[in-house]
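> Given next are the chains, with one letter for each unit.
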Amino acid sequence: MDLTYSAGEEAFRAEARAWLEANVPRGLESGDNAVGFAQHLEWERLLFEAGWAVVSWPREYGGRDASLWEWLIFEEEYYRAGAPMRVTQNGIFLLAPTIFEFGTPEQQARVLPRMAAAQDLWCQGWSEPGAGSDLAATKARAVRDEERGGWRLTGQKTWTTRGAFCTHMFGLFRTDPESERHRGLTYFMVPLDTPGVTVRGFGRLDGDEGFAEVFLEDAFVPDDAVLGGVDRGWSVAMATTGSERGLTLRSPGRFLSAAQRLVELARERGAADDALARDRVVRAWIDAEAYQLFTLQQVTEIASGAATGARSSLNKLFWSELDVRLHEAALDLLGPEAELDDAWSRGFLFALAGPIYAGTNEIQRNIVAERVLGLPRK
Amino acid sequence: MRFALTSDQAALREAVRDLLRAECPPAVVRAGWPESNEADAARVRRVWAQLAEMGVVGAAVPEAAGGLGLDACALVGLLEEAGRAALPLPVLETAFVAGPLLAAAGEEALVQRLVNGDLLVGAALDGSGLVPYARVADALLVGDARTGGGELRLVAPAVFEPVASIDGARAPGRVADDAGVALEAEPAALAAAWERGVLGSAAQLLGLSRTLLAMATQYAHERRQFGVAIGTFQAVKHQLADALLALEFAAPAVLRAAWSLDAGAPQAGRDVAMAKALASDAALKTAATALQVHGAIAYTVEYDLHLFAKRVWAGARAWGDADWQRTRVAAALGLTHEGATR
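So the protein lines, in turn, are chains X and G. Under our numbering, think of the first position of the first sequence as 2, with each following residue one higher. Under our numbering, think of the first position of the second sequence as 258, with each following residue one higher.
Just so you know, these hints were derived from the structure itself, not from any lab. These figures come from a predicted structure and were not determined experimentally. All residues carry an ideal CB built from backbone N, CA and C; glycine is no exception. Hints are not guaranteed to be accurate.
Computed beta-carbon distance windows for the label pairs [claimed, not checked]:
{"id": "1", "chain 1": "X", "residue 1": "Ala304", "chain 2": "G", "residue 2": "Gln549", "range": "37 to 45 Å"}
{"id": "2", "chain 1": "G", "residue 1": "Arg300", "chain 2": "X", "residue 2": "Gly310", "range": "54 to 62 Å"}
{"id": "3", "chain 1": "X", "residue 1": "Arg182", "chain 2": "G", "residue 2": "Val485", "range": "17 to 25 Å"}
{"id": "4", "chain 1": "X", "residue 1": "Ala339", "chain 2": "G", "residue 2": "Ala522", "range": "35 to 43 Å"}
{"id": "5", "chain 1": "X", "residue 1": "Leu266", "chain 2": "G", "residue 2": "Glu479", "range": "28 to 36 Å"}
{"id": "6", "chain 1": "G", "residue 1": "Gln549", "chain 2": "X", "residue 2": "Gly150", "range": "56 to 64 Å"}
{"id": "7", "chain 1": "X", "residue 1": "Ala304", "chain 2": "G", "residue 2": "Gln524", "range": "22 to 30 Å"}
{"id": "8", "chain 1": "G", "residue 1": "Ala433", "chain 2": "X", "residue 2": "Leu335", "range": "49 to 57 Å"}
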């Protein structure tokens, strides 16, 4: 056990902290409406120019070659500084790890630098009206076009976060019409300005137009839009779900920072006189710490070559439910003011989505039971 | 940054696990109960002799005093293994509380007996005077170390009133406030002994929970109803997943608290409190889940589950329950009027 960071890592932290303190913008609108999205894009480009957009990537793609430990440090500092949410996150945290693992050198060179620079903005096209928790029920199809050397995509994707503001989508399409379930699916990368693609944004619970549905009708994409091989989409997609559920999308920094703000709110609101409210605050703080410690242990395992696999479902269950409890504790402290439209109530609405997206928590519990504990599927 | 045991620490832990798996099966745990006979008691004491031979009993005693002088990171692994086997002896109290405390108090003769495996010590530092394992102990330590001070008394084994516990192996005794003799101990040594006891009890709870969860998982595979294994039912799966979730997020907190104690970190007390709160809650959840998943069979005395569950029900409340520990965390966070006093 050694829970200290090296001098080099501490220097990295100091550099990140100084830059963030000097540059983090204040008072942006929500990143999930048109005005706010544009503001967030400006911030993303500033991050990229300063080399902080994708710290863990190789330098040739716009990163700093940062270790996983340094990435965790950066995330801690990012949320500590109160920096904006990352509108690029579905690209840099979900698609990019998949491209690094499965992409051809040509795909890596074509996609990654533009993604890092927030020139291309990626959304996720997985859910369909009939395929939510049951992702293998995907019906959208891709039909071979030999003449043009590519595929024609037809179908409907939905719950596509920030789809109305993005330029590209990655998603699963059925390439083998005879196939069922998780066989015969292929992972495609689709420019949203492709003829035959229509995007319609719609309002989320919080009022922002953060959702979209994407209609595809005979939309042609060339062969180089396929990531990881035809009919191999399920295993390629599972690599991304591990990222989404686990470490990369939800580093502990976000919860540590929220827990700290919660403790400050509790002090201001006199929680010392209210044992019940105080206990909820302390539980939330403890859970945020526990998530941090679990992550440090997990990164140690990854650094020594172990794969996280189905254990990423433990992360997802814990952070998503922690996030709800944490915000509920804050709203309880706020009492009648809880309904006011501010950071805590917005954070609460955002947290409510956590147990639903990236595979509902019911699905995650099945995965933990079957693939971590080894209980029988049937 | 490296959040893992060293290979030496992991190897010692493995060795203890192997020893206890071979020498302390549930039959030996039952042998620790009051209705056991002479032969049973001898089996239990043999496990202790083997642990002493491995150095586990003197693991926390400084090397200069004849022990292994291991740090807390190594110790929590050993206590988790003791918990996994539900070892029916006061290993926490003797090896990790009394050993270093008696060494700090200069009680060389007692320490020597302890390291050799000839002195079992029951200890209650929470001011309750209710000492687990009093029936089998050769000496008792009582006091109130919760607020980092107080008097510690060493009591001869005969001077207690036996009381029945739901966990027969714990066979506690109630000791009067003025029994025994006062022991010379620095407040810092007493406070350190308290924190080690809290942390060690958290580690034991993790180990007990691992066994309870393994038993319930195994049973969910085997037990068939409606023509299928009950482990195929989502209602069963989700309960077991939740127990694992609680355990997997408590375990790193226990290891971190050990590191904080070893490093002398200023927030070590807070970290220990957080570890015990998480471990107590996780263990109670796991025990309840294991009982429910088993159904009626676990509600029998013949089936072994209760040996582990009862130890959890006692241990979750000993050394400060989850609520009490969270109040310590609240104080450390400046959320009490007293501030960080404990």
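> Now tell me, hint by hint, if it's right for this structure.
Hints, one by one, checked against the model:
1. Checking the proposed 37 to 45 Å range against Ala304/X and Gln549/G shows it holds: the Cβ atoms sit about 38 Å from each other.
2. Evaluation of the 54 to 62 Å hint for Arg300/G and Gly310/X yields a failure: the beta carbon distance comes to about 41 Å.
3. For Arg182/X and Val485/G, the Cβ-Cβ distance of about 21 Å falls inside the hinted range of 17 to 25 Å, so the restraint holds.
4. At roughly 36 Å, the beta carbons of Ala339/X and Ala522/G sit within the given window of 35 to 43 Å.
5. Taking the beta carbon of each, Leu266/X and Glu479/G are about 49 Å apart, not inside 28 to 36 Å as hinted.
6. Separation of Gln549/G from Gly150/X is about 59 Å and conforms to the stated range, judged on CB atoms against 56 to 64 Å.
7. Against the hinted window of 22 to 30 Å, the Cβ-Cβ separation of Ala304/X and Gln524/G comes to about 25 Å, which satisfies the hint.
8. With their beta carbons about 50 Å apart, Ala433/G and Leu335/X fall inside the hinted range of 49 to 57 Å.
When held up to the earlier numbered hints, the structure conflicts with 2 and 5 and fits the remainder.
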